[in-house]
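**Q** I would like the entire structure built from these sequences, with the hints used as guidance.
Keeping their order, the protein sequence lines are chains A and B.
When the count follows the UniProt record's numbering, it moves up by one through the first sequence with no breaks and lands on 134 for the last residue.
When the count follows the UniProt record's numbering, it moves up by one through the second sequence with no breaks and lands on 813 for the last residue.
In case anyone wonders, no lab produced these hints; they're calculated from the structure.
Note that beta-carbon positions come from the ideal geometry of N, C-alpha and C, so glycine has one too.
Mixed in with the good hints there might be a few duds.
As the list claims (entries may be wrong) - Just a few of them, taken from the derived set where beta-carbon distance is under 10 Å, the chain B residues facing chain A:
no., residue
1, ALA275
2, GLN400
3, GLY461
4, ALA464
Stated by the list, open to error - Pairwise CB distance ranges (calculated):
no., chain 1, residue 1, chain 2, residue 2, range
5, B, GLU360, A, MET117, 18 to 28 Å
6, A, ALA9, B, ARG382, 49 to 59 Å
7, A, ILE2, B, ALA681, 43 to 53 Å
Listed here are the chains, written in short residue letters.
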Amino acid sequence: MISKTEITAKNEAFLRRITELSGVSITRCEQCGICSVACPLVSGMDISPAEMMRTVQLGQEEVTSTKTIWVCASCFTCTVRCPRGLDPSKVAEALRQIELRKAIDYMDISTIPAEEMRQLPQIALVSAFRKLTG
Amino acid sequence: MSEVSDGENERIGVYVCHCGGNISEVVDVEAVADFARDLPGVVLSRTNEHMCSELGQKQVAEDIAEHKLDRVVIAACSPQFHEKTFRTTLSKSGLNPFLLEMANIREQDSWVHHDEPEKATQKAKDLVAAAVAKARFDTPLDRRSIPIGKRVLVIGGGIAGIQASLNLGDAGFKVYLVEKEPSIGGKMAQLSRTFPTEDCSACILSPKMADVPANPNITLFTNSKVESVDGYLGNFSVKVKQKPTFVDPVKCLCCGACEEVCPVTAPDEFEAGLAQRKAIYVPYDFAVPHKYLIDEERCLRLKRGKDVCGLCIKACPHDAIDFNQKPRTQDFTVDTVIVATGYDTFDATKKKTYGYGRFENVVTALQMERMIVNSVQGKPLRKMGKRIAFVQCVGSRDEQVGNEYCSRICCMYATKMSQLLKRSDPSRDVYVFYTDLRAFGKGFEEYYKRAQDSGVKFVRGRPAELFEDPETKKILFKVEDTLSRQVIETEFDLVVLSTGLVPNPGTKPVAEMLKLAKSPDGFLQEAHPKFKPEDTLTEGVFLAGTVQGPKDIPDTVGQANAAALRAVRLMNQESYSMEPLMAFVDADSCDGCGLCVPACPSGAITLEAKKARINEALCKGCGSCTAWCPRDALDLHCYSNLQLAAQIEVALATKKKNQQRILVFADDMTAYRLADNVGTARMSYSADTRIIKIPSGSRVTPKLMLEAFSKGADGIFIGESEKKSSSYPHSLAEIERNVARVKEILTEAGIEPERIRFSQFVTVMLAGFVKQMNSLADFCAWSGSIPASKRKVVLKDLGEKLFARSGKESAQI
Numbered sequence: 001m002i003s004k005t006e007i008t009a010k011n012e013a014f015l016r017r018i019t020e021l022s023g024v025s026i027t028r029c030e031q032c033g034i035c036s037v038a039c040p041l042v043s044g045m046d047i048s049p050a051e052m053m054r055t056v057q058l059g060q061e062e063v064t065s066t067k068t069i070w071v072c073a074s075c076f077t078c079t080v081r082c083p084r085g086l087d088p089s090k091v092a093e094a095l096r097q098i099e100l101r102k103a104i105d106y107m108d109i110s111t112i113p114a115e116e117m118r119q120l121p122q123i124a125l126v127s128a129f130r131k132l133t134g
Numbered sequence: 001m002s003e004v005s006d007g008e009n010e011r012i013g014v015y016v017c018h019c020g021g022n023i024s025e026v027v028d029v030e031a032v033a034d035f036a037r038d039l040p041g042v043v044l045s046r047t048n049e050h051m052c053s054e055l056g057q058k059q060v061a062e063d064i065a066e067h068k069l070d071r072v073v074i075a076a077c078s079p080q081f082h083e084k085t086f087r088t089t090l091s092k093s094g095l096n097p098f099l100l101e102m103a104n105i106r107e108q109d110s111w112v113h114h115d116e117p118e119k120a121t122q123k124a125k126d127l128v129a130a131a132v133a134k135a136r137f138d139t140p141l142d143r144r145s146i147p148i149g150k151r152v153l154v155i156g157g158g159i160a161g162i163q164a165s166l167n168l169g170d171a172g173f174k175v176y177l178v179e180k181e182p183s184i185g186g187k188m189a190q191l192s193r194t195f196p197t198e199d200c201s202a203c204i205l206s207p208k209m210a211d212v213p214a215n216p217n218i219t220l221f222t223n224s225k226v227e228s229v230d231g232y233l234g235n236f237s238v239k240v241k242q243k244p245t246f247v248d249p250v251k252c253l254c255c256g257a258c259e260e261v262c263p264v265t266a267p268d269e270f271e272a273g274l275a276q277r278k279a280i281y282v283p284y285d286f287a288v289p290h291k292y293l294i295d296e297e298r299c300l301r302l303k304r305g306k307d308v309c310g311l312c313i314k315a316c317p318h319d320a321i322d323f324n325q326k327p328r329t330q331d332f333t334v335d336t337v338i339v340a341t342g343y344d345t346f347d348a349t350k351k352k353t354y355g356y357g358r359f360e361n362v363v364t365a366l367q368m369e370r371m372i373v374n375s376v377q378g379k380p381l382r383k384m385g386k387r388i389a390f391v392q393c394v395g396s397r398d399e400q401v402g403n404e405y406c407s408r409i410c411c412m413y414a415t416k417m418s419q420l421l422k423r424s425d426p427s428r429d430v431y432v433f434y435t436d437l438r439a440f441g442k443g444f445e446e447y448y449k450r451a452q453d454s455g456v457k458f459v460r461g462r463p464a465e466l467f468e469d470p471e472t473k474k475i476l477f478k479v480e481d482t483l484s485r486q487v488i489e490t491e492f493d494l495v496v497l498s499t500g501l502v503p504n505p506g507t508k509p510v511a512e513m514l515k516l517a518k519s520p521d522g523f524l525q526e527a528h529p530k531f532k533p534e535d536t537l538t539e540g541v542f543l544a545g546t547v548q549g550p551k552d553i554p555d556t557v558g559q560a561n562a563a564a565l566r567a568v569r570l571m572n573q574e575s576y577s578m579e580p581l582m583a584f585v586d587a588d589s590c591d592g593c594g595l596c597v598p599a600c601p602s603g604a605i606t607l608e609a610k611k612a613r614i615n616e617a618l619c620k621g622c623g624s625c626t627a628w629c630p631r632d633a634l635d636l637h638c639y640s641n642l643q644l645a646a647q648i649e650v651a652l653a654t655k656k657k658n659q660q661r662i663l664v665f666a667d668d669m670t671a672y673r674l675a676d677n678v679g680t681a682r683m684s685y686s687a688d689t690r691i692i693k694i695p696s697g698s699r700v701t702p703k704l705m706l707e708a709f710s711k712g713a714d715g716i717f718i719g720e721s722e723k724k725s726s727s728y729p730h731s732l733a734e735i736e737r738n739v740a741r742v743k744e745i746l747t748e749a750g751i752e753p754e755r756i757r758f759s760q761f762v763t764v765m766l767a768g769f770v771k772q773m774n775s776l777a778d779f780c781a782w783s784g785s786i787p788a789s790k791r792k793v794v795l796k797d798l799g800e801k802l803f804a805r806s807g808k809e810s811a812q813i
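**A** Structural data, given as structure tokens:
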């Protein structure tokens, strides 16, 4: 099935918002796909980093509900490889911000057993708080 | 050049044009003519329906004869339209053409102030008065004449240099062609076929190469470098250093006996390092000159001493080997120079993630060219395998390696080689991994289609990294097909890196010698991207081929032909005539301080017997030196100190109480024309502005600006060409320096420094110009008039304020 989509002024506003939040000139992405194949976590993503950039260029807000933006670990390999000097990981961060600002808790710290808590590396907890609590 | 006019006893005729209503419907032209009649030096003042018509011109000619006019002022359209016309009228009437001034009362008055006829008439009067004031100090000038001969230096013997040299040699010009390699031919000699016609590159190039030594007008220096070039158009003295080949070219018959015995091998440059050659070798079979030479860096005897080896001496049946040869230098003089130093291919080892140099099955495009040539000849250089991938944009469009630009040819050479490989063996899988496929040239799109028909697969996506299978040595990589949004994992026998073009390292010393500018991509900058793509800002020096930027063979040849023509255009005149716009020195005032010498970007000023001297052939007439002279000894013809001071004074003289005046200094090349364009578009801006034309913003010295403030200017605006398209790119820094200094002095005097502004323009920034004018006028209106007490202060101890510090600066230099 070919999916149909509409592009309206709303899309432009979303692109502007993400551009502002990320500080990345997203429309400059030429879709070479280098970020997608540089990304060490691409196999766990539902859309590739390059596709994420493309959907933001087109202003499609659905991108905020992809797995991709949460799988991104901000390792910056994409940033190091991008031939146009862009920073896709910052775009992913901006997209996460949109969701995080809704301040919804996806994780309740009290439900983690004390035993498990002791074994978890602190950085993993910090990361989990940042991504999963409002 | 004659003496500067004293501005007295002149007989000036003023003509105010109606322009068929274009001017007279807004400006009261009769009132302007009446006003002009009473100006000092004016003996007659008339109006005319159409000054540019034959009748108008006849009137001027008659008046010159009858009333013995010695200056003419025409108030009409912009000088860009009819200044030439009226200069010719003056010449025909026996008057020096530079005794003409024009007041621009159409584009810069009636067309912009159509809603304020009274103010427009006042402005027209001021503009006419300024033109009359300037005319009083007009000096009869001659166009500069530089003798020019028919000798040309061509640097670089690739296809661009060959094409330019052959054109010039055939046309009867004396050509010195200098090539640093042992053979001419350049990169084109190494290519397999040329896109999109698939001509054999060597077959079409070699006859041209052979024509070079056969042409009696061409002196060829191979294995040579240009050591120095000094001088200017019509008089460049050149020093060329030729390395020894250690083989007598007359005795050597190329029998090859020496090569057989030579024990030293080295990577063969012509085969892009894929084969070996000996230390004594012929560069390739169609090299010109086709003679053996010894590689100084590799030969045992040359490296270790004269008792070592010497096998070639014994082997040579013709006694041609001569280890006593020394480098030779040759000096000669030429009139013009063509720079055709070409390009280099991007060093693929710099793109570390692609593993070139580490992985044996990753090669460059140039290596693939050689592999294809040698396979066709039945002696393949190496195994290619069945699965071959081309990776595009290696070293181009990649900010990771610092190259933002597109190299223009890689899409098409990959299209070419991929289909040559596929057609010669259809069982091969050939892929091209690209981002954008640019098939812009004649026949290119059709050729791309042919590649697709042949079965080459084009995948839109570039790999980030290449990996080598340690066992099979195959190359593995991932790539996103950005069209189907799938990540592909794949394996190839051979990966070809489509390396881009970078500036040739040999260009750098040449550019320094000839004072040529670079564009941001590192290639050399043309004088104008549209109309002077072969010229440089150094008069008499031209660019041909990829030295100016990446291009394919047809474009290179086209530019080489054009560069030859541009050189001929100058050399075919026995003398070259230049506008008299140039600096001059008042020797009585000059005390030989020498501040101006390093200030001149063209090196046109020297000190001789403790006086500054201007080299007329080098001076480009920007006038930036005038700001450096503490004694006003440096001056500029057509825009002299006296003239500018008079124009400023007069433009401010009619200012009444509660009025304000903004002086706008507009550079001839851009800002003045932009102001004209604003008029043509019938836009409008503050009628308090008075525009004064200058060659470059750097001509407005701090002294002139401060004098203007002291005499009643409320604001000053300097409009200058955008740096990258300016004939005077150095001016920007000069203006910044001058304006900063004036701002300091204004601040000390308690005057708002925002009253002086400057901006870079291009001629299409109409709205920007209007905005800038109005913003300055609004600021001045808002700030109120400057009290007379403050105006007096600005000129106090001016010399000390301006030059005490610059003296220190020059001491630092």
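**Q** Measuring from beta carbon to beta carbon, are A/ALA9 and B/ARG382 in 49 to 59 Å?
**A** Cβ of A/ALA9 to Cβ of B/ARG382: about 58 Å, so the range 49 to 59 Å holds.
**Q** Does B/GLY461 pass the interface check with chain A, least Cβ-Cβ distance below 10 Å?
**A** holds, 4 Å
**Q** Given B/ALA275 was flagged as interface, is its beta-carbon under 10 Å from a beta-carbon of chain A?
**A** violated, 33 Å
**Q** Take the shortest C-beta to C-beta distance between B/ALA464 and chain A; is it under 10 Å?
**A** holds, 4 Å
**Q** Is 43 to 53 Å right for how far apart the beta carbons of A/ILE2 and B/ALA681 are?
**A** Once the Cβ atoms are compared, 48 Å apart, the range 43 to 53 Å for B/ALA681 and A/ILE2 holds.
**Q** A closest beta-carbon separation below 10 Å is what the hint needs, so does B/GLN400 meet it against chain A?
**A** holds, 6 Å
**Q** Could one say that the CB atoms of B/GLU360 and A/MET117 fall in the range 18 to 28 Å?
**A** With Cβ atoms ~52 Å apart, the hint is violated.
Going through the hint list in order, the structure does not satisfy hints 1, 5.
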